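So the sequence lines, in the order shown, correspond to chains A and U. Each residue of the first sequence is one higher than the last, beginning at 0 in numbering that gives the first Met the number 0. Each residue of the second sequence is one higher than the last, beginning at 0 in numbering that gives the first Met the number 0.
Hints in this document: simulated from the structure, not taken from any laboratory. It is possible that some hints are incorrect.
[Stated by the list, open to error] Distance windows between CB atoms, simulated:
#1 P156(U) x R22(A): 44 to 50 Å
#2 D429(A) x E101(U): 36 to 42 Å
#3 E101(U) x A261(A): 55 to 61 Å
#4 N227(A) x T220(U): 38 to 44 Å
The structure presented is a predicted model; accordingly, all values stated were derived computationally and were not measured. Even for Gly, the Cβ is constructed at its ideal location relative to N, Cα and C.
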Amino acid sequence: MSKDLLENEIVKLRIIELEYTYRNAFDTTDKVKLDQAKVDFEADVRRIYLEETRQYLPDHIEIYPSSELIKYNDDLPEDIRQSGYDGTAIYVSDPDNQINQVHIISQGSVGTEDWLDNFFNIFLGIDGKQLDATRVFVNKVNSKVPDNEDLLTFALGHSKAFNNNLMVQLTEGIFEAVYGVNGAQVGITQIIEMDQRLREHLENKFGANFSSVPINDLRRAIIEYYDNKGVTDNIIHRISEDDPLYGVSGIGNFVLFGFDEAMLIDTHPEVKGLRTIIDQFDEADVRKIQQFLRQYRDDYQLNGPEGFLKAMTGIDIELINQFIEAEGWKESVAIGWNNFDDLMTMINTVVEKIPSFLAIANVVVDNADTIIDGLLENGYIDQKTSEKLRTEIESIKLNLEKIETNIDHLENLGPNQEGIAIALMLDIYDNVMESWDSLNVIHEELADALDLIESGHKIEPILNQLAEETGVSYSGGDLHYGGSRSSDQEIKWNITSVVRLYQKGLAKLEEMEESIQKYGNQYEGEINEDFDLKNQALQRQIDYMEENPSLFQNDFSLYFANRNYAYGLGKLVKIDVQEEMPTPALPEHELITKELKAQTTVYRNYLTHVREKVEELFEEEYNVSQLFDFQMGG
Amino acid sequence: MKKMIAFIGLFYLLLGGCQMNQDVRPKDIDPEDLPDVPAFQDEATRAFLVSTEEVEPGFYLMESKVEGFQMLFPAGGVYLQDISSITNQGNVETFTFEDFNEEINVKVVGQIRYQQDQSYLADLNDMLVVVRGRTGFEGDFRRRETSDEIIFFGSEPRTFQEEGYISEAYAHVGYIESKEKDFLAIDYNFSILCFNDDEDVCSKEINAKQKQVEKMIDSITFIHQEEVDRDE
Chain A
0 MSKDLLENEI VKLRIIELEY TYRNAFDTTD KVKLDQAKVD FEADVRRIYL EETRQYLPDH
60 IEIYPSSELI KYNDDLPEDI RQSGYDGTAI YVSDPDNQIN QVHIISQGSV GTEDWLDNFF
120 NIFLGIDGKQ LDATRVFVNK VNSKVPDNED LLTFALGHSK AFNNNLMVQL TEGIFEAVYG
180 VNGAQVGITQ IIEMDQRLRE HLENKFGANF SSVPINDLRR AIIEYYDNKG VTDNIIHRIS
240 EDDPLYGVSG IGNFVLFGFD EAMLIDTHPE VKGLRTIIDQ FDEADVRKIQ QFLRQYRDDY
300 QLNGPEGFLK AMTGIDIELI NQFIEAEGWK ESVAIGWNNF DDLMTMINTV VEKIPSFLAI
360 ANVVVDNADT IIDGLLENGY IDQKTSEKLR TEIESIKLNL EKIETNIDHL ENLGPNQEGI
420 AIALMLDIYD NVMESWDSLN VIHEELADAL DLIESGHKIE PILNQLAEET GVSYSGGDLH
480 YGGSRSSDQE IKWNITSVVR LYQKGLAKLE EMEESIQKYG NQYEGEINED FDLKNQALQR
540 QIDYMEENPS LFQNDFSLYF ANRNYAYGLG KLVKIDVQEE MPTPALPEHE LITKELKAQT
600 TVYRNYLTHV REKVEELFEE EYNVSQLFDF QMGG
Chain U
0 MKKMIAFIGL FYLLLGGCQM NQDVRPKDID PEDLPDVPAF QDEATRAFLV STEEVEPGFY
60 LMESKVEGFQ MLFPAGGVYL QDISSITNQG NVETFTFEDF NEEINVKVVG QIRYQQDQSY
120 LADLNDMLVV VRGRTGFEGD FRRRETSDEI IFFGSEPRTF QEEGYISEAY AHVGYIESKE
180 KDFLAIDYNF SILCFNDDED VCSKEINAKQ KQVEKMIDSI TFIHQEEVDR DE
């Protein structure tokens, strides 16, 4: 494989993280703001590269955010603008060293989702949903770069983004390498849906009824197909043992491309991850749940939880709410009358669907103990919480039993017992709603555990785990060095922050010194020079008066008149101005500027002192002086 | 509550309820009263069919779940739920089906993907790249334009590296961009697969299937919201 400039894994991880933080900054149609964000991003990329490798990236770098290539269009309606791919391409060029490559960082965070979403995702897998958008972005980057001959393209991505990048790679093999961290695995059905040639290949390999082929054979055939296609050579996947996506990847419906046990890392030693819990599920049970959910996933996508409930059980919440909210029996009757057919249809549907719903609900509830035990044992919940959870599960079990009884009654009703049917229906509705409430309570009880599980998905714990031996750590995207190790308390220096402050401080100092200089110059110009000018003008006036006394006869007439001389003015023959002008001493600006300069000196000394101290602590090991000296633009 | 129910019950006893005549969709009809073909007998497939009337011999009208497009659907066709999906907040629907004739051992696998309001649809040339990626199509696209669509289409024979069950195969792929609305498009791919050892049978049957596939492709049309509203 040709040289990957970003081959240092820590650099990759930090840049993926960095790209996330620029999400809002890049999401603008204001060209000025976007350009500034690109400049800042490039500076951060260079800084990270230097912090990690002590080397410099080539001079020629271009940054292409997706908002610029795809979404950068004022005319676009907002929902369309937001529908697309999120990511950034970093193009690097150094012809002298044969470097012409672009690194595509796809954004992939799995956002906050409700428990029902999580339920679907666990059993049916998360797919990226952005294969086409990703492909289009890569295509646009390819046209946009200054030189796309012999261009190497590298794909990086976290979570769903890995899934998207991988899909593009499998279908077209256009990436030199694909790097993923805590990525969403590719699902067997996902990839068969996506790739026509693969479908044809599998039909050829297994015959017309390939859907009945055992999962393991199918998986093996798929891996073989893409291996032979030559697109799987450089897929690298870093996984935390505590990543929930890794936890569910054993359930059997996934093809693990790029999986390497050596790339597994335990980021949260205090818990044991989810894999051991989920792997304990009965495979047959899992299949049943998957099968069931697959039927209703579209309804959930289209119509949300209520659509899902209706598709699954037949219960139409809207219709029932009309009934419940009716005031007085007259209104109920009216509603019943107006919606009679709908009500009866609903009841029939419910009778039809509830049995299979109950079957699945019971499977889930039966496995609940395994989950609770597992969460307890693996350190995610404490005894108290586990008991609360079991209470809720019991309540759900009871409600399921009641539903079963009610359904039995319903099925055995004779004709013309519609009233009773409606009553039973409302009862079933209550049972279902109570169960739904229990699920909400369960979700709340699991809040802390879920936070812990979620943090297993993040990038920062991986960075810290990888760097653990070296005393280096990461927080908030910044690099930290551990302080004196002889002390009991570990003090960490945020090197990124110190360097940033130092450089900003220097820049500030320069500004200050410039200002002081300006102040001095201005003082000279406005005050001192001006004083001289006015002084000179006055002197000239005095000279003129002394040389031409007669011209000023009239000006002094009032004076003479007051002197009681004989009227008829005498002739003014001489003016002699006593030009002593005792002005108070002007403040000497030199004193002021000297004082200001003294202050900047104190500040400069302070910055230098901090730098010296940091270098004292870390120069030997980490060569920090290089970091201090680095500035964008030389 | 119970008193109310009792009253209601009384009312219905007296009035017996009435049946209104409505246009009923096949999915709400008893399967026994539906044509005895896979398209209607398979529960998941039935949900897409609009009526039991044959539009053409062997073909019925189907409508996508998000009501984005309609198409002629073969009587022997069965919806493949596992490899179909609705994503992107209901703006993208992938509809995959197969029509397998066991007697002659020939199968058609079709996939139609409806997409709306996605920013990646902006540039037609990008989308042709996308279609090539998903289908592995290596041939040239031909272009056709109507009053409301621009259509790129192509077909090519398919061969396999290993010997297997298929003796002959053909693929049809294409991309349809709507002229009536921005960011609205459909891409499709069809595979005609012959599992029959007899070469002559395969040639003949694949030819026949080409016509059917072309008929289905030609019938793919966008359903625009105004039409839907009008019908309701």
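A quick look at each hint next to the structure:
Here the CB-CB span from P156(U) to R22(A) is close to 46 Å, well matched to the stated 44 to 50 Å. As the Cβ distance of D429(A) to E101(U) is approximately 49 Å, the hint placing it in 36 to 42 Å is violated. Hint check: E101(U) to A261(A), Cβ distance near 48 Å, so the stated range 55 to 61 Å is violated. One distance hint, 38 to 44 Å for the beta-carbon pair N227(A) and T220(U), holds here, with the actual separation near 39 Å.
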